[in-house]
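Participant: What follows is each chain in one-letter form.
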Amino acid sequence: MLSDLRIRLRSLFRRSRVEQELDDELSFHMNQQAEKYLRAGDSREEALRQVRLEFGGIQQVREDCRDARGISFLETFAQDLRYGLRMLAKSPAFTAIIILTLALGIGANTAIFTLVNAVMLRSFPVRDPQQLVVLKWSARQWPHSTGTSSFGDCAFPQQNETGATNCSLSYPLFQVLQNHHGALADAMAFAGTFEMTLSGNGAASMVHGDLVSGSYFPTLGVAPALGRTLLPDDEKPGAPAVVVLDYGYWQHAFGGSPTVIGQTIRLNNAAVTIVGVTEPGFTRLTPGKSVDVWVSLNQAQALGLKFIQPSDAKNFWLVIVGRLRPGVSRAQAQAALDAIFVNTVLRGTKPLWTPADNPHLLLVPAQQALRGIRNIFGEPLLLLMAAVGLILLIACANVAGLMLARAAAREREMAVRLAMGAARRRVIRQLLTESLLLSFMGAALGALLAPLGVSGLAAFFTKNAYMPLQLDLHVDARVLLFTLGAALLTGIGFGLAPAFRGSRTSVTAQLKGNTTTAAAGHGRGKLLSLGSALVVLQVALSMVVLTGAGLLLRTLGNLRGINAGFDTHNLILFSIDPQLAGYKDKQIPDLYANLQRRIAALPGVKGVSYSSDALLDGGLWTSSQVIEGRADKNAVDVQMLSVGPDFLSTLKIPLLEGRALTAADTSGANHALVNRSFVQKYLSGRRPLGLHFGDDSKKLDTEIVGVVGDTKYAQLRDEEAPTVYIPVRSGGATFEIRTAPAPASLMPAVRSVVNSVDANIPVIRMRTQTDSIDRLLFNERLVARLLGLFAALGLLLACIGLYGLLSFEVERRTREIGIRTALGAQRSTIWSMVVRHGIVLVALGALAGCGAAFGVTRLLTSLLYDVRPTDPVTFALTAALLLLVGILACSLPARRATRVDPMSALRCE
Amino acid sequence: MPVPRLDLPQGTLDLLILRTLSIGPQHGWAISERVQQVSGEVLRIQQGSLYPALHRLERRGWIKSRWGTSDNNRRARYYELTKSGQKQLAAEQGAWEALTAAVAQVLKAV
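If you read the sequences in order, they're chains A and B. Just so we're aligned, residue 31 is where the first sequence starts under the numbering used here, counting upward by one. Just so we're aligned, residue 11 is where the second sequence starts under the numbering used here, counting upward by one.
Hints were generated in silico from the structure; no laboratory data involved. Note that beta-carbon positions come from the ideal geometry of N, C-alpha and C, so glycine has one too. Mixed in with the good hints there might be a few duds.
As the list claims (entries may be wrong) - Going by beta-carbon spacing under 7 Å, a handful of chain B positions derived as facing chain A:
no.: 1; residue: Trp39
no.: 2; residue: Gln57
no.: 3; residue: Gly58
no.: 4; residue: Tyr61
no.: 5; residue: His65
no.: 6; residue: Arg66
no.: 7; residue: Arg69
no.: 8; residue: Ala86
no.: 9; residue: Arg87
Next up, chain A with everything else stripped away, as it sits in the complex (with noise of 0.2 Å):
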């Protein structure tokens, strides 16, 4: 109502004249009356009398009528706040701690909160999200026959006994599906991202590019901010080749020159064209995916991706996203698809499923179904949002604590309240308006602090991902609410009991000013007991995060220490695909050489190697291959890797038997080293040298010539695995690089040379072979390196808690320590007292932490390598140091009691 809103905002923001009024009004009327009794006969002092009498405390009526005019919540609360925060401002070490603490746990929670929030919930910055539905094919098994190729847009393609199913779709089945207007308003398919050679603006870089229908931005509904978006005719037969470019791309390569429009570029050494640039606000798609270029799907052939074939029925490489018409639901569209879907691939000359296979399309929201950095980093980052709860939660607790331990040292206050006639709930509200006081104070302070945090970690991802990462990590207002929640949730989390308690002062003892009595009767049994259980809470939670920690650092170590099976050290790598420059297969072998001999020329320099993958470097090759003399005739799973002249020498991985590979190998007959799990594996004591294997079991025309001694090749988690080595005849390579000095020392003139040799061949990915495994280990090391500060910061929370805890009891029992020591207890013996009360607390506290981790650490067994999730030494360990630390802030509190001079503590009181 527009009345009462007016009233109520009078009343808060003129308050004095609203006040004033009401006086003038309730004095005119006790004129009035006073005047009419006068008139009556009765003497002056009689009329006022029976005035003041008729009408009731007239402070009474004043409160009334502020409350019948519904001032009185704001004005209750602005009073609050006002005293809240005069006393805040009383004790400013006191308040200073407590906000710091919050601020630490709500910063670090808003931290990992806008992570969580970049990564699985923005949804995309595209007009509509919601319609988007991405289609997505299920059956029994994987189509006959068929081609796929997934870029990590979507889960991890799945098999398993009771189907498969995936979102790769070919070609011909989008034109059809596109083709068919009902139930999509529009259609779109991409696949990607690529890495391209972009010549043409500069030295030669790589850049990362998606194959796009033309429909992609319709679809999406992104505009060009310069130029134009491609376009459906653009994905028409014999268009001409015209390129898009991504905004910040734009930005950072072409300084954003609005002149580009029509310059034409070479993207893996094919002319095109630049036509426009997108909009700034379309960042992403795929949740992390970074696209510096989009092409039209058609130019697949001339940019060189050979193993994609558009027209090809069986070739899987499309992701396809629809939006959904208005009015039309998924359902209804899915079954219209559907019934398009199972047509087509059940017909035809070749179809791609038998109708037992039982295929089916399915629409999930794009949100749900476009997955991306999700995959990988999705379940780490929820791990360590639970864990920085956890924090929260300690530091919750241990504000609790203090409060408590405040609230006992306000009794008298709240006593005075009370006897003068404060309502319980009034004196609760006040209490708890300090709290939310100081947990907004907190939240705002962490609100300050999460951004160094979130870019600390933003960092650390992308310094470790293959691909650019594009994280979204300004504040929206879903992490501001994610904050202001946890602030409210503190603030009347930690300020409920010490709220209670407080209301529930015994007025009498205070008044009688006998505040020794009064916390004794009233604070040992209960307070204490409250401030107790607040500490064992505290160290309980630090004890569960503190065990995960330890198990992600033993787990590190137990990594680090695998042997690989060769020297990880002092070794660069870097990468080249000499092809997307323009050489032919027949040139490629004399670059190779003609680098490896400049290179190995460098001073510092020791060996000098290439191969088709590095180790360890997140690629794997793997293919069947049928082994002569075998019993079983079926093709074996090998791991394949080519290499060049020197790799066993470069990487140190020791010549078992027969020869190494040379620069003779790389033309002529088909040599092969395998390495000693091979031998074991499939050749069942024969021996290996001079044996034949190849694809099939007509053509075994590869020999072994050498056994070599077993690497880890994917994961070093990973069993070694039967390998084969054969030479590097054509394609992309790694070169490995051993160096004397740090190897970080050398990348510039290894750069230098490869540019020397070639400008146009861009150096992709110059890194060491330490920092490809850091890489491996990544969500190791991310949970690892979080849970570890996140347990410092527990247990650091704690000690303060239980620090407080200690000295607030030895300030109470002043007193009684002073008799102690006067009836001659020793000091030692008043130092032990103290501490045993803390020590027993933390012992408490680490048995329910050892239940409460024993529940909780199966949550860690991915990440764990070679230790269990109920490790006895590292509960141990744990327990260990939660009783050092607890111990070592006991002290401080139990040096105090021992120097109490019984004397002025007889005194004091």
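We have chain A already, so just place chain B on it with the hints.
Facilitator: Frame of chain A, contents of chain B only:
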């Protein structure tokens, strides 16, 4: 012999105030005087409840106030009925009459 006084049943105070103001704007004291006079001194409004009631009615938008000058030339706060207050009065008066008639009927019949 003093006139017997009755306490006001719950909720009737608002009705009495609205009815009194339907004649014309009045200040608080005059309202209470008028109710007392018209009821033949039977009904007396507790002063302590009159002003909270007035402020409550004003907040609901049924009456509005302005400052004016009283008969004896003093500054006084005058209340008057608003449009929605008139509607409210009609509704409450109707309800009250129906109630009392029904109660009276029952009392007579049994």
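Participant: Looking back at the numbered hints, which does the structure fail to meet, lowest number first?
Facilitator: Violated: none.
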